[in-house]
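Number of protein chains: 2
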Amino acid sequence: MIIGALGPEGSYSEKAVQIWILRHRLDSVGIQYFADIEDAFLAVIQKKSDLSIVPIENSIEGSVGVTLDLLHENGVEIVGEIVVKIEHCLLSKGGPEKIKVILSHPQGLAQCRHFLKKYFPEAELRSTGSTSHAARLAGEFEEMAAIASPEAAECYRLKVLLPNIQDRKQNYTRFIALRAAGKNTAEQVFEQVLCDTEEKTNRPENSSHSAFKTSIIVYLEKDRPGALYEILGAFAKNKINLTRIESRPSKKELGDYHFYIDFEGHISDAIIKETLKDIKTKTDTLKILGSYPAFKA
Amino acid sequence: MIIGALGPEGSYSEKAVQIWILRHRLDSVGIQYFADIEDAFLAVIQKKSDLSIVPIENSIEGSVGVTLDLLHENGVEIVGEIVVKIEHCLLSKGGPEKIKVILSHPQGLAQCRHFLKKYFPEAELRSTGSTSHAARLAGEFEEMAAIASPEAAECYRLKVLLPNIQDRKQNYTRFIALRAAGKNTAEQVFEQVLCDTEEKTNRPENSSHSAFKTSIIVYLEKDRPGALYEILGAFAKNKINLTRIESRPSKKELGDYHFYIDFEGHISDAIIKETLKDIKTKTDTLKILGSYPAFKA
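Quick note, the sequences are listed as chains A and B, same order.
1 is the number of the first residue of the first sequence in the numbering used here; add one for each residue after it.
1 is the number of the first residue of the second sequence in the numbering used here; add one for each residue after it.
Here chain A stands alone, though its shape is the one from the complex:
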C-alpha cells in the first residue's frame, strides 16, 4: 500500500501519515512524497497512491484554500482525519545574525506572522511547497532560515535557532485522508437512499453518533435570502452538531460562495440520511465528501 504525502521527508504531513499507520496498525506501507498539496491530492486519482493525506485547516491560519478547491473539483472520498500538533522552529545552518531570507510553506509564514514582523522585519520571505522543502533549501546557504519542524532540522542537519515560534503556543493542523471515489462511497450510499435501493453500509456497528463525522459541500442560489439559514435549520431540527462551516468563493463572481460543512454522524445513520434528503431539496448542489471516524487525541 502506498500513502501519498507532502514531501520531502520531515514534513508535518509525514507525521500525519505516521499517526495514520500506527492507528490502523498497517504493515508494509510505502510513503510517496509529492512536491505540493495539489500533487499529493491528485495522486489518488492518478493511481500514484492508494491513499493520500493532505492538510485542510490550521488552528491559527484557518483553511487550506487549495485543498478545499481540489475537494470541490475532483471525485475523491474523505475516509479519515488526523490532527497533528505543530511546533514551528526557526532552523538554519548558521547563526541568526546571518539570516537574510526566511523560507516556509505560506501557512508556516502566516502562522508566524507576529514573530517575523517583530524579529525579522527586513528578511525576504519565500514560499515553498512544504515546510520540509524549506528546510532542505536552508541547508544549502547560511543566509537562509526555514520555518519547519524539529524533525526537519534533524533530516537536513540544521540548528534549531528558536523553538515554538508560531504566534500562538497551541497550534494544530487537521489533515484528511483521501481515496479515489470508487465503490461504496458515502455519495453512493446517499444515492441509494434517494432511490430507495439501499443495500448495505460501511458504518461500523456499535459506534455512537459522535464517533463519526460527515463532510459535505453545498451551493446555494446567490440571491435567495435565508438559504443558508434553511440548511442550518435542517441540522438544528434533528439536533445534529455542526463541527465546522466554511465559505469558499465559487470563483464565478464576488459574493458567490460554496459552503463546506462538517457535522457529527455517519451517512448510514437514519437521522443523517433524512437530514441530507431534506437539504437536497433546499440546495442547487449537494456534494457528499465522506463519512469517517472523528479523530480522538
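Quick caveat, the hints were computed from the structure, so don't treat them as lab data.
Wrong hints could be hidden among the right ones.
Pairs count within a copy or across copies, as identical chains cannot be separated in the list.
To be verified - Calculated lysine-lysine pairs in the DSS-like style (CA-CA distance at most 27 Å, straight line): (1) K93 to K118; (2) K273 to K117; (3) K169 to K85; (4) K118 to K252; (5) K277 to K15; (6) K100 to K169; (7) K85 to K252; (8) K296 to K252; (9) K159 to K15; (10) K118 to K48; (11) K252 to K117; (12) K15 to K100; (13) K287 to K48; (14) K169 to K287; (15) K282 to K98; (16) K100 to K273; (17) K159 to K98; (18) K239 to K282; (19) K47 to K98; (20) K118 to K47; (21) K252 to K287; (22) K252 to K169; (23) K277 to K239; (24) K237 to K277; (25) K280 to K252; (26) K118 to K15.
Since the structure of chain A is provided, determine the placement of chain B on it from the hints.
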C-alpha cells in the same frame, strides 16, 4: 488628508484609492504607501494616515486572513468598500525562457495557481508584501518575473509577457476603507441603542435599505449546537439579506471560530438595531465593525 495603502506604486490598492478619491471627489489627498497589509491597516491607529484602504477578499482566492485578524484585534471602523477588477500579468525584463523565479503577493500566486503549475512547474515562487513590490524586484534581474498589474509594468519598465493569467477571467478584489475608531462609530450608535440614549446617526437621509452594508464579528460558545442557526434566524426573521458569512479561527483551539457577517442595512435602521439587540443576547461577543455604502459598479 492622507490615505494609507499597500505600496509601492502600481499596486491594486492604489487603484482602490484612486476609485475612492474619484467617487468622493476629494481634493488634496496624499497617498502614503506601506510595505504590507498590516502596516497599512495599523497606520490609521498610529495616526500615520487618516484613512487606510486594504484588501479583504478576492473572488478566486477568498478571504485575506491577515485583514480579518486585524479587524478582530484592533479598534477601527469600516467606512466604505471598493471593488477593483484584477488583471494579473506576467511581467519581466527579459524573455519567458529566462524565468527561474516568480514573485507576487501570496494572493497573486494563489489566484494564478493553475497557470503556474502548467507553464512554470519548475520556477521558484517567492512571496512579497504586494504585487507591485514583486514588480519592482523583477525589474532588477532578468531571471525574475512578477505577477502584477499592467500599471506595475509601466511603473517599473517591465514587459508584459502574458496578460490575464489568473485562473478565472473574472477576478475581483474587494477592499475596505478604515478609520480609527473615534466618535459616532457604528459601535457607539449601537451602544446608545442598548442604553436608550440615542441622539443622532450618521446614516444619510433618503437612501434605501440595500444601499448600505453593515459588518460584524460574532463569537459563539463552542459547544452549543445550533448557536449559528439562532444568529442567522435573527436575520431571517427580519428578512435581512446576508451578503457574506466567513469563519476564521479564534486561534484558541482547532474547531473554535469567529464568524464575520456582512448584511444589507445601516446600524441606524430600526430593523437593524432590533436585530442586533436580539443577536447580542445570543452571542458571547458581538463586535460591530461599521455601516457603510455598498459599492455599486
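Status of each hint after checking the structure:
1. K93 to K118: For K93 and K118, only the intra-copy Cα distance (22 Å) is at most 27 Å; the inter-copy one is 33 Å.
2. K273 to K117: Answer is neither: 49 Å inside a copy and 39 Å across each miss the 27 Å cutoff.
3. K169 to K85: within (10 Å within a copy, 39 Å between copies)
4. K118 to K252: between (38 Å within a copy, 21 Å between copies)
5. K277 to K15: Close neither inside one copy (38 Å) nor across copies (47 Å); limit 27 Å.
6. K100 to K169: Classified as within: same-chain Cα gap 25 Å, cross-chain 37 Å, threshold 27 Å.
7. K85 to K252: between (36 Å within a copy, 13 Å between copies)
8. K296 to K252: For K296 and K252, only the inter-copy Cα distance (18 Å) is at most 27 Å; the intra-copy one is 38 Å.
9. K159 to K15: Answer is within; shortest intra-copy Cα gap is 20 Å, inter-copy 44 Å.
10. K118 to K48: Answer is between: at 19 Å across copies they meet the 27 Å cutoff, but 43 Å inside does not.
11. K252 to K117: Cα proximity of K252 and K117: across copies only (21 Å, versus 35 Å in one copy).
12. K15 to K100: neither (29 Å within a copy, 31 Å between copies)
13. K287 to K48: Result: close within a single copy only, 25 Å intra versus 48 Å inter.
14. K169 to K287: between (35 Å within a copy, 25 Å between copies)
15. K282 to K98: neither (59 Å within a copy, 52 Å between copies)
16. K100 to K273: Neither way: K100 and K273 sit 56 Å apart in one copy and 52 Å across, limit 27 Å.
17. K159 to K98: within (13 Å within a copy, 34 Å between copies)
18. K239 to K282: Both: 18 Å inside a chain and 18 Å across chains, each within 27 Å.
19. K47 to K98: neither (44 Å within a copy, 34 Å between copies)
20. K118 to K47: between (45 Å within a copy, 20 Å between copies)
21. K252 to K287: within (18 Å within a copy, 30 Å between copies)
22. K252 to K169: Only across copies: K252 and K169 sit 9 Å apart there, 38 Å inside one copy, limit 27 Å.
23. K277 to K239: So K277 and K239 pass the 27 Å test inside a copy (16 Å) and across (26 Å) alike.
24. K237 to K277: both (13 Å within a copy, 24 Å between copies)
25. K280 to K252: within (22 Å within a copy, 34 Å between copies)
26. K118 to K15: The answer is neither: 29 Å in one copy and 29 Å across copies each exceed 27 Å.
In summary, the structure is inconsistent with hints 2, 5, 12, 15, 16, 19 and 26 from the numbered list given earlier, while agreeing with the others.
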